[in-house]
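Q: Sequence:
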Amino acid sequence: MEGYFSPQLNVSVRLNTNEAPFPLPDTFIRELGSEINKLDLNRYPSRSASELCAAIAAKELLKESEVFVANGSNEIIQSICLAYGGNGRAALIFEPTYTMHSQIAKVAGTRVIEGVRDDEFQIDKDAA
1 MEGYFSPQLN VSVRLNTNEA PFPLPDTFIR ELGSEINKLD LNRYPSRSAS ELCAAIAAKE
61 LLKESEVFVA NGSNEIIQSI CLAYGGNGRA ALIFEPTYTM HSQIAKVAGT RVIEGVRDDE
121 FQIDKDAA
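Read in order, the letters of the sequence shown correspond to residues 1 to 128 in the UniProt record's numbering.
Hints in this document: simulated from the structure, not taken from any laboratory. For clarity, every value in this text was computed on a predicted model and none was experimentally measured. Beta carbons are placed, not taken as given, at the ideal position from N, Cα and C, and that holds for glycine. Worth double-checking, as some hints may not be accurate.
Unchecked claim - Below, simulated DSBU-like cross-link-like pairs (lysine-lysine); rule was C-alpha separation at most 30 Å, straight line:
(1) K125 <-> K106
(2) K38 <-> K63
(3) K38 <-> K59
To be verified - Taking CB as the label site, the calculated pair distances span:
(4) A90 <-> N42: 40 to 46 Å
(5) F28 <-> D126: 45 to 51 Å
(6) D40 <-> G86: 36 to 42 Å
(7) A127 <-> E51: 43 to 49 Å
(8) I80 <-> E2: 19 to 25 Å
(9) T17 <-> K38: 41 to 47 Å
(10) I80 <-> G3: 40 to 46 Å
(11) R117 <-> G3: 23 to 29 Å
(12) N71 <-> K38: 44 to 50 Å
(13) I36 <-> L61: 29 to 35 Å
(14) R117 <-> R30: 26 to 32 Å
Given these sequences and hints, build the entire structure.
A: If you want it as structure tokens, here you go:
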């Protein structure tokens with residue numbers, strides 16, 4: 001398996017790396033710095049993100065056990081692949097898509113089947 005890399009294109013907007021084309025506003029940078037100074041950055045955060053889960057649960061009127069948070073979509077996809085993928089299982093992935101999806105599935109031992117889209121960018125459910 002080849003390692004993952006994201007091509008660095010010389011363009012004004014890099015959609016493949018989800019980068020913003022403009023710098024952050026100065027007021028945001030100042031406010032962010034002020035908030036960061038309040039944190040104990042010399043300590044690891046809670047692994048369960050219990051405060052965040054409690055805040056989300058309260059706002060959305062859920063039980064804390066119904067809230068799942070992660071360090072980004074890659075971690076969520078990895079959790080799904082580890083729970084439901086693996087040896088003898090397959091993931092159906094349709095190009096074009098984010099390259100990491102198939103990489104994560106493969107690392108979890110899941111066979112990757114690449115599907116295709118039609119000229120209208122639709123997925124043929126029967127072919128899938």
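Q: So, for every hint listed, does it hold in this structure?
A: Checked hints:
no., hint, result
1, K125 <-> K106, "23 Å, holds"
2, K38 <-> K63, "28 Å, holds"
3, K38 <-> K59, "23 Å, holds"
4, A90 <-> N42: 40 to 46 Å, "45 Å, holds"
5, F28 <-> D126: 45 to 51 Å, "48 Å, holds"
6, D40 <-> G86: 36 to 42 Å, "38 Å, holds"
7, A127 <-> E51: 43 to 49 Å, "46 Å, holds"
8, I80 <-> E2: 19 to 25 Å, "22 Å, holds"
9, T17 <-> K38: 41 to 47 Å, "30 Å, violated"
10, I80 <-> G3: 40 to 46 Å, "22 Å, violated"
11, R117 <-> G3: 23 to 29 Å, "26 Å, holds"
12, N71 <-> K38: 44 to 50 Å, "21 Å, violated"
13, I36 <-> L61: 29 to 35 Å, "30 Å, holds"
14, R117 <-> R30: 26 to 32 Å, "45 Å, violated"
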